[in-house]
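Whole structure, please, built from the sequences with the hints as guidance.
Number of protein chains: 2
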Amino acid sequence: MKVIIVGGVAGGASCAARLRRLDEKAEILMVERGPYVSYANCGLPYHIGGVIEKESSLLVSTEQTFRAVFAIDCRTRCEVVGISPKKKTVELKNHVTGAVTTEKYDRLVLSPGAAPIRPPLPGIDLPGIFSVRTVPDAREIREWIERGSSDSTGEHTSSGFPLDKTKRAVVVGGGYIGLEMAENLVHRGLEVTVVEMLDQVMAPLDPECARLVERHLEKHGVRLALNDGVSGFKQTADGSLEVLTKSGKAHPADIVILAIGVRPETGLAKMAGLEIGQRGGIRVDEQMRTSDPDIFAVGDAVEVKDFVTGEWSLIALAGPANRQGRIVADVIAGRSSRFRGTQGTSVIGIFGATIAATGANEKLLTRLGQKDFEKVYLFPNSHAGYYPGAKTIVLKVIFRKSDGRLLGAQALGLDGVEKRIDALAMAIQMGATVYDLEEAELCYAPPFGSAKDPVNFAGMVPADVLRGDMPLCHWTSLDGGFLLDVRNPPELAVESVPGALNIPLPELRARLGELPRDREILVICRSAQRAYYATRILLQNGFKARNISGGMLSRSMLAAK
Amino acid sequence: MKVIIVGGVAGGASCAARLRRLDEKAEILMVERGPYVSYANCGLPYHIGGVIEKESSLLVSTEQTFRAVFAIDCRTRCEVVGISPKKKTVELKNHVTGAVTTEKYDRLVLSPGAAPIRPPLPGIDLPGIFSVRTVPDAREIREWIERGSSDSTGEHTSSGFPLDKTKRAVVVGGGYIGLEMAENLVHRGLEVTVVEMLDQVMAPLDPECARLVERHLEKHGVRLALNDGVSGFKQTADGSLEVLTKSGKAHPADIVILAIGVRPETGLAKMAGLEIGQRGGIRVDEQMRTSDPDIFAVGDAVEVKDFVTGEWSLIALAGPANRQGRIVADVIAGRSSRFRGTQGTSVIGIFGATIAATGANEKLLTRLGQKDFEKVYLFPNSHAGYYPGAKTIVLKVIFRKSDGRLLGAQALGLDGVEKRIDALAMAIQMGATVYDLEEAELCYAPPFGSAKDPVNFAGMVPADVLRGDMPLCHWTSLDGGFLLDVRNPPELAVESVPGALNIPLPELRARLGELPRDREILVICRSAQRAYYATRILLQNGFKARNISGGMLSRSMLAAK
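Residue numbers (the working numbering), protein chains in the order written: chain Z, 7 to 567; chain C, 7 to 567.
One copy or any two copies: either way a pair holds, since identical chains are not told apart in the list.
Simulated crosslink set (DMTMM-like; lysine to aspartate or glutamate; CA at most 20 Å straight-line):
#1 K397 x E59
#2 K550 x E30
#3 K397 x D421
#4 K31 x E513
#5 K311 x D442
#6 K550 x D29
#7 K31 x D475
These are computed hints drawn from the structure, not numbers from a lab.
If you want it as structure tokens, here you go:
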């Protein structure tokens, strides 16, 4: 059995190592086009920012380790330039010697990854414009930035990089890598502008959650130019760059980072005549087998089923890539492992804040035409409010109306964010409902959580809605209801809702006569907890009432921009 | 419908508030013996330590709030001194006026909590010996400690508390409250000794995990006297105390904290003739109904089913108490809610370390005579090793051999501990197997986790064992196997295992001839990862081999003390 693995990072490397553990006799050849295998590409922005000081820290494993420990014929700077599925051969080009050889395989595993998108815009190949995919990419960016710091003539260098004034970076793309780059460039002292074609950063978030990220970025000095596509790049007289946008703006830049997104590397798959999916990734079955039964594919290059929606999706994440690599090794070794799909769990840290998400978001469900879902906004504390240092977590929970199944969650905050998303991710994986979340028994001590954890609230509030105890509405669809604000007057002095009647909660039972019986009463408070109590009082006194989810706190999310 | 709720903290307060939300018309009377309702007893040690500065921070809700917002007749300093289940009445004693009145109920809810155990030892009532249960307890302890600081005569005060030398505290009991108190007293500048009857602190942990906690405590200056019961207390000539132990020791003390454990308050239940369970708690059904169908009981006073083992257990935790209170409100309001049992999820922070656990531990399973389980020791990083600041997490995972069901987990470390236990707690709740954990999709970015999260490892390693890929053994049962250490020589120079043959992993394939074919080879490395690779090589070359779980790292846990 000879297995050739194309691509030596994440999925490919995981597959190779596990295959050797399962089959000591298999002949395994792993080829990698670049100079390194098994490197930490998720760490590249942090290396550029100087948080990860040494480039060598990024090299998780080496060619030598694969040879010595796993007895794998591991070749870097070696590219597959041809595939013949009929003959079951690949053409390998050694980029050091230039030699091309032919190798036979019994099973072929494609783990080519995804390439940063470089649209064919005018000037895109100008010096100073970089993508962030490989260790050499990171090295070039570091060198480009540091070049300007090495002397102090006060002039631009020949590369156009200024030597003694604040350097300006434009990051094109407001996704995970774009924002991690933005933060890391700020840490290096650059002035950073993020140009994003969409009207929000971080596409995995719904827009109202992204608004909070945008404000946090701006607070830390990042300029945002949303809703504006790049039309081209220009070199100015002093050698620096300008990023031109469709709206006619010109953003000056000493360095440009392209982080528009990635596109599955399907060149080899197409060469082999393999089926490509509707999203542009290699189509595979649950065992990661392509349309050719002897060729498997894993990682950023393949389409996988979204665990929640059942839709094909492209997910460029290291976790799923590693799992897929292991599954292919199992299958090649004769086991029946299956990939269960992805739920898109992801996290990013930006200027001290954590933003994480799992499962489906509202945008996606709406795009798919689904109606059987509801959402709530919650603002729990990261830990017991009476213990110092508690921070508010902004939590959006999406669940199925018909059966309470948890569909997705998005969370942001300064503390305790990703642990709630991890618990919710586990819940989604196991098919949990919001009724299960109500009963979850999680770690509680004052520095860590609350007796009712945010994860419990993510169950209790939706369950209150589904049981009919708390009819819900949202600021985006008030439908002409009668607005009742049950906060206390000092809170209204800070911010109030025009047209809302104020009856503080403790006075409500005595003042029911002031409320209309022929209109639906929409109840407002700070976070929707007191409004829930008020809604209960109103409903049981024969009023029609709904709670405005998230209260004034969700209103301020929607109001931003 | 008139409902009387006895006890206004956690379970009682939750029940009262939810019952009002569900039933605006019910007549609800909540009585609390102490001066406060709904206070944060979990915060008491931190208030004593000064972390939570203001006593008022501990008061989560007040009598006034219950009256004004929930229209609940809430009475503090009011104790139930008699119950007549036949007449459905209780005798209430007002501790302010001394008046005793009789109140009728339709439904009675008992939430009396559990009382700190005060064994009838000689001297237990001496001044300077305190329990930590209520806000007044905490106040008395603070005052006792601060009394010595208020002047500087260099003498003992009349209470025996020294004024200008380091004060000495003895904490009796090494459970959660005892250790939280120990840390907080150290923070206040006291010399602290913990006396514990068992041979370990923190009973929810298995002893080898507790060893690490003990070393951490000692590193931070806490003296431990394990395996030694207290026999009495004595006042010395200078007015200070001595804690006398069964082994004949005398620990000098200026203050003694009793944190031996708690005992369910079953006085009222016994007075009402209610069934008491075998563990000494009030016996209830899944709807928290006692043997009298009109009387419910919740919180620390009741026995509940352990979710994992099915055994009756006493769990003094705020989370389950709150959930039980809600369930009783549901049931009284005519709903069919059921308590699913407890899994004992708990966490404690001690001197910067976090220790957390969920589900069953090995001690318990062994005591129950269960054989269908296995354990693994893991030492994953809190986040990607290539990102600065990663800390080792010590993780013990217990799973069922027959079907892979996750049974329990214990974790310790300086970072990222409780979030893994939360994810595993959710997994246990949902009946997950280690095969599910392998596929878990959790948050990964370099500052937060790894592409293979510790939770994934908690699945992959057990699954390797269950699939037969990695036969396992433990340091405690080497059964005369042949010891093979596959680490590199520099690692052996630091610490080696007597009698083990060293063949570094990369040389193993070439040196198989040095190994016996007639004996089982037990493979050692640092954390058991390389040993796993070696085990695979050996098994596939016809050797009998097992991996020693946790390698040198678990050996050092067991070797401590």
